[in-house]
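S.K.: Chain D: place on chain A using the hints.
Here the protein sequences come in this chain order: A and D. Residue 1 is where the first sequence starts when you use full-length UniProt numbering, and the numbers rise one by one after that. Residue 1 is where the second sequence starts when you use full-length UniProt numbering, and the numbers rise one by one after that.
Don't read these hints as lab results, they were simulated from the structure. One thing to keep in mind: the hints can contain errors.
Across the chosen pairs, the derived CB separations fall in these ranges [to be verified]:
(1) T85(A) / P320(D): 55 to 61 angstroms
(2) G43(A) / A135(D): 36 to 42 angstroms
(3) D238(A) / V145(D): 47 to 53 angstroms
Far from chain D, by Cβ distances over 10 angstroms, these chain A residues were calculated [said to hold, decoys possible]:
(4) F93
(5) D103
(6) R262
(7) D325
(8) F367
(9) N443
A virtual CB, placed ideally from N, CA and C, is assigned to each residue, including glycine.
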Amino acid sequence: MNEQQAIVEVKNLSVSFGGSKVVKDVSFTVRAGECLALVGESGSGKSVTARSLLGLAGPGSTVTAETLTVAGQDGRSLSQRSWRTLRGKEVGFILQDALTSLDPLRTVGKEIDDSLRLHTRASGATRATRVMELLEAVGLDDPERRAGQRSGELSGGMRQRALIAAAIALDPQLIIADEPTTALDATIAASIMDLLGTLRQAGSGVLLISHDLAAVAKVADTIAVMQAGHIVERGTRDQIFHDPQHPYTRALLAAVPAGKPRFVKLSPTEEASSQVHTRDSEQKVTAAEDAGGEAGAVVRPVLSARKLSKSFAKGKHATFMAIKDVSFELLPGRTLGVVGESGSGKTTTARIVLGLLAPDAGAVELFDEPWSSAREVDRRSRRSQLGAIYQDPLSSFDPRLSVGSLLADAVSFGATRNPRSHAARITELLQMVGLDAEMSGRNPATLSGGQRQRLAIARALAPQPRVLICDEPVSALDVSVQAQVLDLLDELQQRLGLSYVFISHDLSVVRHMSDDVLVMRAGQVVESGATERIFTSPRHDYTRALLAASPLVGTQESGGGL
Amino acid sequence: MSTSTALTPRAPSLLGASVRWLLGKLMGGIFVLWAVATAIFFGIRMIPGDPAEAIMGGPGSQASAEALAAARAHYGLDQPLIVQYGRQLKQLALGDLGTSYSLKSPVVEVLGELVPPTLILASLALLVAWMMALALAVFSTRSGVLASAVASGLEIVSAAVPHFWLASVLIMVFSSMLGWLPPVSTNTAAGLVLPVFTLALPLAGFLGQVMRDTMMEAQRSAFALSARARGESETGILLRHSLRHAALPGISLSGWALGSLLSGAVVVESIFARPGLGRSLLSAVTARDIPLVTGVALLSAAAYVVIMTVSDIVERLADPRIKQS
Numbered sequence: 001m002n003e004q005q006a007i008v009e010v011k012n013l014s015v016s017f018g019g020s021k022v023v024k025d026v027s028f029t030v031r032a033g034e035c036l037a038l039v040g041e042s043g044s045g046k047s048v049t050a051r052s053l054l055g056l057a058g059p060g061s062t063v064t065a066e067t068l069t070v071a072g073q074d075g076r077s078l079s080q081r082s083w084r085t086l087r088g089k090e091v092g093f094i095l096q097d098a099l100t101s102l103d104p105l106r107t108v109g110k111e112i113d114d115s116l117r118l119h120t121r122a123s124g125a126t127r128a129t130r131v132m133e134l135l136e137a138v139g140l141d142d143p144e145r146r147a148g149q150r151s152g153e154l155s156g157g158m159r160q161r162a163l164i165a166a167a168i169a170l171d172p173q174l175i176i177a178d179e180p181t182t183a184l185d186a187t188i189a190a191s192i193m194d195l196l197g198t199l200r201q202a203g204s205g206v207l208l209i210s211h212d213l214a215a216v217a218k219v220a221d222t223i224a225v226m227q228a229g230h231i232v233e234r235g236t237r238d239q240i241f242h243d244p245q246h247p248y249t250r251a252l253l254a255a256v257p258a259g260k261p262r263f264v265k266l267s268p269t270e271e272a273s274s275q276v277h278t279r280d281s282e283q284k285v286t287a288a289e290d291a292g293g294e295a296g297a298v299v300r301p302v303l304s305a306r307k308l309s310k311s312f313a314k315g316k317h318a319t320f321m322a323i324k325d326v327s328f329e330l331l332p333g334r335t336l337g338v339v340g341e342s343g344s345g346k347t348t349t350a351r352i353v354l355g356l357l358a359p360d361a362g363a364v365e366l367f368d369e370p371w372s373s374a375r376e377v378d379r380r381s382r383r384s385q386l387g388a389i390y391q392d393p394l395s396s397f398d399p400r401l402s403v404g405s406l407l408a409d410a411v412s413f414g415a416t417r418n419p420r421s422h423a424a425r426i427t428e429l430l431q432m433v434g435l436d437a438e439m440s441g442r443n444p445a446t447l448s449g450g451q452r453q454r455l456a457i458a459r460a461l462a463p464q465p466r467v468l469i470c471d472e473p474v475s476a477l478d479v480s481v482q483a484q485v486l487d488l489l490d491e492l493q494q495r496l497g498l499s500y501v502f503i504s505h506d507l508s509v510v511r512h513m514s515d516d517v518l519v520m521r522a523g524q525v526v527e528s529g530a531t532e533r534i535f536t537s538p539r540h541d542y543t544r545a546l547l548a549a550s551p552l553v554g555t556q557e558s559g560g561g562l
Numbered sequence: 001m002s003t004s005t006a007l008t009p010r011a012p013s014l015l016g017a018s019v020r021w022l023l024g025k026l027m028g029g030i031f032v033l034w035a036v037a038t039a040i041f042f043g044i045r046m047i048p049g050d051p052a053e054a055i056m057g058g059p060g061s062q063a064s065a066e067a068l069a070a071a072r073a074h075y076g077l078d079q080p081l082i083v084q085y086g087r088q089l090k091q092l093a094l095g096d097l098g099t100s101y102s103l104k105s106p107v108v109e110v111l112g113e114l115v116p117p118t119l120i121l122a123s124l125a126l127l128v129a130w131m132m133a134l135a136l137a138v139f140s141t142r143s144g145v146l147a148s149a150v151a152s153g154l155e156i157v158s159a160a161v162p163h164f165w166l167a168s169v170l171i172m173v174f175s176s177m178l179g180w181l182p183p184v185s186t187n188t189a190a191g192l193v194l195p196v197f198t199l200a201l202p203l204a205g206f207l208g209q210v211m212r213d214t215m216m217e218a219q220r221s222a223f224a225l226s227a228r229a230r231g232e233s234e235t236g237i238l239l240r241h242s243l244r245h246a247a248l249p250g251i252s253l254s255g256w257a258l259g260s261l262l263s264g265a266v267v268v269e270s271i272f273a274r275p276g277l278g279r280s281l282l283s284a285v286t287a288r289d290i291p292l293v294t295g296v297a298l299l300s301a302a303a304y305v306v307i308m309t310v311s312d313i314v315e316r317l318a319d320p321r322i323k324q325s
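Only chain D is shown next, with the shape it has when bound in the complex:
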C-alpha cells in the first residue's frame, strides 16, 4: 500500500487512477464486511434461546446448569454484549472465526472444506448459463422472428422457474424415469450435471433476455450496416461487433448472478445432498451454531465484494466507454 500512495503524486496517470480506484473498492469492501459482521452479531442474539444450550448439543441435551455455566464462561457468553462484540471484531480482524459449536472444529477449517465444492458448482452453473444464453441469442438473431419469439418464451419460462421445482423435475426425468444420472450429487462428473443445470437454467433465462435484446439491437444498428457495406459477412459481424455488445449486460449481471447462485446453492445442495456452503449454512442456522453462521455469512459477503470488483474490472476492460473516475 505504501508504494502505491507514494506513486500517486508523481504519476497522475491511468495507473495511479486505477490504484486509487482499487483502494476505494478495498475500503468499501472492508466496510461491507464490518457491517455484515455487526448485523449478524446482533441479529443472531435476538433469536430467543440460549446459545450455551446449542454448544452443549441443543435443547435435547439436558445439560446441567453447571455445564451450561462452564460453556458460557468458556465461550465468553457471560460477558456484557458490548465486550463480546469488541472481542469478536478483534478476533475477526485477526482472521480467527472461532470454533463451530456443532462440529467442534475451527470454522476456518470447516469453510476450507466447504468452499471448493460450492465454488465448483456455482462457477460451472455460471459458465453453462452463459453458453446457453449466448446460444439462444445467436440462434434467434440468425433464424428470424419466429425463432426469436420462441427463444424469448423459453427465457421467460426458465427465468421464472424456482430451483426446488426444477430440481425435482430433473431428478424425476433423468434419474427415476431415464436412469441416466444419479439423483444424489457425488463429486463425479455425472453427479454434477443435474445440480449445475438446476442452477444454470433460470440464470440462462435472465442472461438470455438481456443479451438477446442487446444483440438484436447491435445487429440492426448503423455500425452493423456500415460493416456489411464494407463487405463483412454475417458471421464476421456477429464475432467482431454484436457478441461484444451482447456480452456487456451479461458481464454486469454476472456479479449479481454469482451471488444469487450462492443462495441458490442452499436449496440445490440440500436437495441433491451435496456437501457445500449452502447446505452447511442451513444446518448451522438450525443448530444455532453462531460462529459457523457468522463465518458463512462473512465469507459470502467477502465473495460478493470480490465478485463485484472483478466484474467491474472486466466491464471496464470490455467497455472502453466507462472511464476511470
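Only chain A is shown next, with the shape it has when bound in the complex:
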C-alpha cells in the first residue's frame, strides 16, 4: 500500500484562532485508494484539521505546518485563486449536516452542477447529462426528478447522497467526509459508508471524520485518534480496535454501547472497573413489588398500550397511517426499547403515550387506569407520573429561563419560577444528574450538549415521575458524552426504580439499555420480545436487515474484542 502515491502529506500542522491553538502538531498521510479516519469528540480539532486541507480553516485562523501538501500543491503558499482550483476539482468535501449543507433555495441539480460549471468548460447540456450520471452513481432513484428538487423535499439519506454527488463530480483525488452518517438511520448510514468504500476502491483517497469509532470501523484502513488538538494514537483498524494503547482510545471504545450488557458502565469513572454494575435479581424484585403494590405476586405493568392506531390527513383526501395496532406493556423498573427508522411511528407512539395525541383506536393505561381515554382535566393531576426527555433538549427549554428557573417551574408545577423558593430541591436535582449546583444561575444555551441533556433529565425528574419516556435522548450527542448520559439513566433507574420507554434508531444503544425491545417499521410492530432474544435470534426479516446494517452491534457473539 505504501507504494501508492500520497495525496495528502501533513507534517506538524497547527491551527490557532486568536491565541488559542486548536490543532497541535498534527501529522498524517493519505494515499490513493486508502481511507484514513480521524476520530475524536467535538472540539478535538478534527474538523478544523480537515478544513485546513482546503484552506478553509475559518476566518481569524492561523495555519502553520512543516509540510502541507495537498494533491501535489504546497498548501502553505497557495493564493486564493489556486485554492479555488484545488477545491472541488482535486478535493471533494462532504460536510456533516446534509440538511444545511445544501442551499434550501436551489435545486439539487444546480448545486451539483456548480462543481462542473466552476472547473470545466463543458456546455450546459453536457453538464446536465453528467449531473444525471452522478445522481445515478450515488444511488438516487429517478435522477431527473431528484435534480429538480430542493433539499427540503429530500430525506436525510438522499441529501447526503446528493452532497456526495456534488463532491465527486470531478473525480477528485481526495474525498473528505466530515461526519457523513451522523443523524442517519442505521441502514442508510451503512449504505453511505458502502458508497464511500466504493469510491476508495475506485482509487480516491478518503479522509473520514467521526466522533464514533464504530461508525468508521467498516471503511477505515488507518485510524488516527484526536484529543484536544493532538493525535494521541494512530494505527491500522485492527490495532486500534484490538490493541488500543492510549487511555483515550480505550475510553472511546468503551463508550461504544455495542456488545456491552445492561448496566455495564460506558464512561470511565475514578473507580474504573469496580463501577461495573450488575443488577442482582433481588433488587429487581424489590422494585417490581414496590410498584406492584398490593397486587402481590402478579407484577402489573405500569404502562400498557393496546392496539394503538393513528392516522394523519395528508393533503385533502389521502391519509397517512402513522401507527397501526401497536401494543406493548412496560413492567415496573424495566426498560422497553423501541427501535425503527425515521418515519416508523416511534415518536407518534411516544406522543400518544404521553397523552399529547389521542389515538384513533386502541387505548393506553397508566397504572391500570385509563389514560388515553381519560379527560384532560382528570389526566392533569396524574401527569406527574410520566416524564419525558427528547433529542434536542435546548429547544424544549424556554430560552428566557435560567437553569434554576426551569427547575423551579417544574418542581412547583408551574406555580413559580423563582429558584430561591425551591433551592434545596433544585440543588438535589442538579446533583442527582451530576451537574454542579452553581449552574442554577446559568442560561441553558451556555451549557454543553451533554449538560443540556442532564438538565432535561433533571427537569423530567422534578415532579417525581415513575415512568420516563426517552425519545432519542442521545442521538445528537458524541459517543463519549452519550456514554455518560446512558450511564446516568441506568443509575437513576436503579436508584429511583424508574421504568423507561427508550426510543432510538440506534440498535446498539437500545440493546445496551433495554430489557425488552419493540421493533417498528412503517407504523407497525414487526417483532417484540426480550432484548437478547431479538438480537441473537431475530425472527423477522426486517430485524435481521437492521442488525446487518448496524456496525458492531453483533460484535459480542462474533467474538470481537470490544
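M.R.: Below, chain D without anything else, positioned relative to chain A:
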C-alpha cells in the same frame, strides 16, 4: 372566472391550486374594500358638523338655510343613514366614487391625476431603499466586524428618523446651504431627489437590518461552506446563494413598506409642496370632503390589497419552500 371554475375539477394541478389561491385573495380583497368603505362611511359621519356646509364651501361661506337644504337634497344627505349607506355601496360597486365637494369634479378624475405622481414617488423610494439596504448588507459582509457594526448603527439611526425631521434637514443642507437641489418638488428629476430620499432613508434602515442579518447568516451557513469547498468564489457565493436569502425577508417586508410609503407621502408631499394623493388626502380631510376622503381611502386599501398579493406571489416565486396551499 367561469373558465377557472370549470378547470379546477379536471385539473387538480398546480395551475388549479394557483387559480383557487388567487380567487381566495380576490374575495379577501373585496371584503377588505367593503370593510374600509363601511368604516369610512360611518366614521366620517361621527365627526361633528354639517356636510352640507362643507359642500357650500365650509362654515365661512354663510350659506342660507335654503341653499343648505338644496345641497342636502342634491347629495341625498336628507335620507335616513341606512339608505345613504346602501346607495353609496351601490355606487361604489358600479365604480362611481361621486363628486368631490371641494373640487366639484368627479373623484375618479381627481384620483386619476393624483395617483401617478405619488406612485412614482413611492416606487422610486422603494427602489432606492432596496439598493441602499443591499449595498449596506454586501458592504458589511465583505468588510469585517467593524464595518458591520457601523452599518448596523447607521440602519438603526435611519430607521428611527421621522420623515418631517429628515425632510427639513435635507432641505436645509442641500437646498439652503449647498443650493444643489430645489426645496420644492417639481416633476423634474432634480425635484424628485429630496422627497425620494426622505422616504427611502428610514425604509432602507429597516430593510437593511433584516437583510444584513439574513445575509450574514447565509454567508456563515454550511451550504456556503460547501460551496466554498467546491471552489466557488466569494462573489459567486454572494450572487448565487446569499443575495437570494437576503432578498426573502426584504420581499415580505416590501408589501408593508409600500403601504407605509403611502402614509409617509402625506407628510413628504405636504413639505415639498408636491401634488399627489397624500397631500390631497390631508386637504380633503380638513375640508370634510367626504367623497374625496372615501376615494383616497378606498384607493389606498385597494393598493394595499394588490401590493400584498403581488408580494405574496413574488415571495412564492423566490422561495420554493412556500407551498401552494
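S.K.: Tell me, in ascending order, the numbers of any earlier hints that this structure violates.
M.R.: 1, 4 and 5
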